[in-house]
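Peer 1: Mind docking chains B, C, D and E on chain A? Use the hints.
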Amino acid sequence: MFIGKVVGSLWATRKDEKLNGLKFLLIEKQRNEHEADPALVVAVDHVGAGIGESVLITTGSSGRLSFDGKSIPVDMVIVGIIDTVDYPKE
Amino acid sequence: MFIGKVVGSLWATRKDEKLNGLKFLLIEKQRNEHEADPALVVAVDHVGAGIGESVLITTGSSGRLSFDGKSIPVDMVIVGIIDTVDYPKE
Amino acid sequence: MFIGKVVGSLWATRKDEKLNGLKFLLIEKQRNEHEADPALVVAVDHVGAGIGESVLITTGSSGRLSFDGKSIPVDMVIVGIIDTVDYPKE
Amino acid sequence: MFIGKVVGSLWATRKDEKLNGLKFLLIEKQRNEHEADPALVVAVDHVGAGIGESVLITTGSSGRLSFDGKSIPVDMVIVGIIDTVDYPKE
Amino acid sequence: MFIGKVVGSLWATRKDEKLNGLKFLLIEKQRNEHEADPALVVAVDHVGAGIGESVLITTGSSGRLSFDGKSIPVDMVIVGIIDTVDYPKE
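Residue numbers (the numbering used here), protein chains in the order written: chain A, 709 to 798; chain B, 709 to 798; chain C, 709 to 798; chain D, 709 to 798; chain E, 709 to 798.
So here's chain A without its partners, still in its complex pose (with noise of 0.2 Å):
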């Protein structure tokens, strides 16, 4: 799991039915407190982030189990918006 901070979204009108009425949300990867990834992904939100907002995202199909077992193609999830994180002091 890592921390992501919403960025952005994204539309797609053609797309494997069983993505309908998902949200798509453009996702930074926090690497640290002061450093983001410049690679961004995409995740789709369970949790009704916004953004900007910091968030907690799941991959792989343990990202799906947020679904409760429906077989949605889908690799990374917001499971959780995060209210505080305690960095490492320096």
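Among the clues, some could well be false.
Given that identical chains are not distinguished, each listed pair holds provided it fits within a single copy or across any two copies.
[What the hints assert, rightly or not] Heads up, simulated DSBU-like pairs for lysine-lysine below, C-alpha to C-alpha not over 30 Å straight-line: (1) K713 x K778; (2) K778 x K797; (3) K737 x K713; (4) K731 x K778.
Hints are computed from structural coordinates only; laboratory data are not their basis.
Peer 2: The following block gives chains B, C, D and E in isolation, referenced to the frame of chain A:
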């Protein structure tokens, strides 16, 4: 999941027969609005994508779910054609 | 699996209810005896680990097995607290 | 999935008996038309590939599906021999 | 799968009880004939490997199959001891 751009295709006559009839496309990962990953990957098309289009890609066992439980040995699947991406303002 | 060091923690009030009661810790991957990866990750604790401890981490669907078949959307789990590592002599 | 080139092979007499009879090949990942990844990987051949050939490789639990549900501990499988790749024009 | 070299070991007294009796070894990934990855990983031994030996490693849910369907939370398993690698001639 990540955003990719279809940049080519490939043919394989001798292959696992479970792959017969599938279309294999060469994909450039979009790291962000301005940069692509130089390492190309190969994805199976499930939505009728064509060269030059921006697509949404799901990996691993999650990608396979697009084929409704068929046991196909693919680990990267195009699950949507992207209309618009709202990248972060700079 | 990899060796990590617990360096912080995080709180998320709004989250997938299947994550209720779990403890999320911030992990620094130990690349070797002298170096850590600057990109932190988040793991769920299953063995009572605390800040500063060296831990063994399992990823993906394998990590979930620590929770005995419960369908919890986590992909990184602390499965042991490390007493000693015999690093290669230099 | 990715494009690889078969560059060598390996032998292991003492191994998990479920791997008996399989052919292990050393693979160079082709990053694009001009570049290969210096880190080699090992894949199991399922289509009769030979040294120097360009192959299509599937990873993880998806790769195992090539062996029709047998529980074989392999995570990288050659699923096709590539005839032609249409790389992007430059 | 990848080629690794056993370079050390580790002990963890407090751990998931499903890991009892397993041997955890510190592994250096061999990128090619001349180079190793500086980031070490941890694998469970299933074939009696010892320090200094060259081994074949399977990752993820595939690696677990070495343990015949037991639900053990490990994601990297030594499945063979390598006798010879035919690296590409230079």
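Peer 1: Mind listing which of the numbered hints don't hold for this structure, in increasing order?
Peer 2: Failing hint: just 2.
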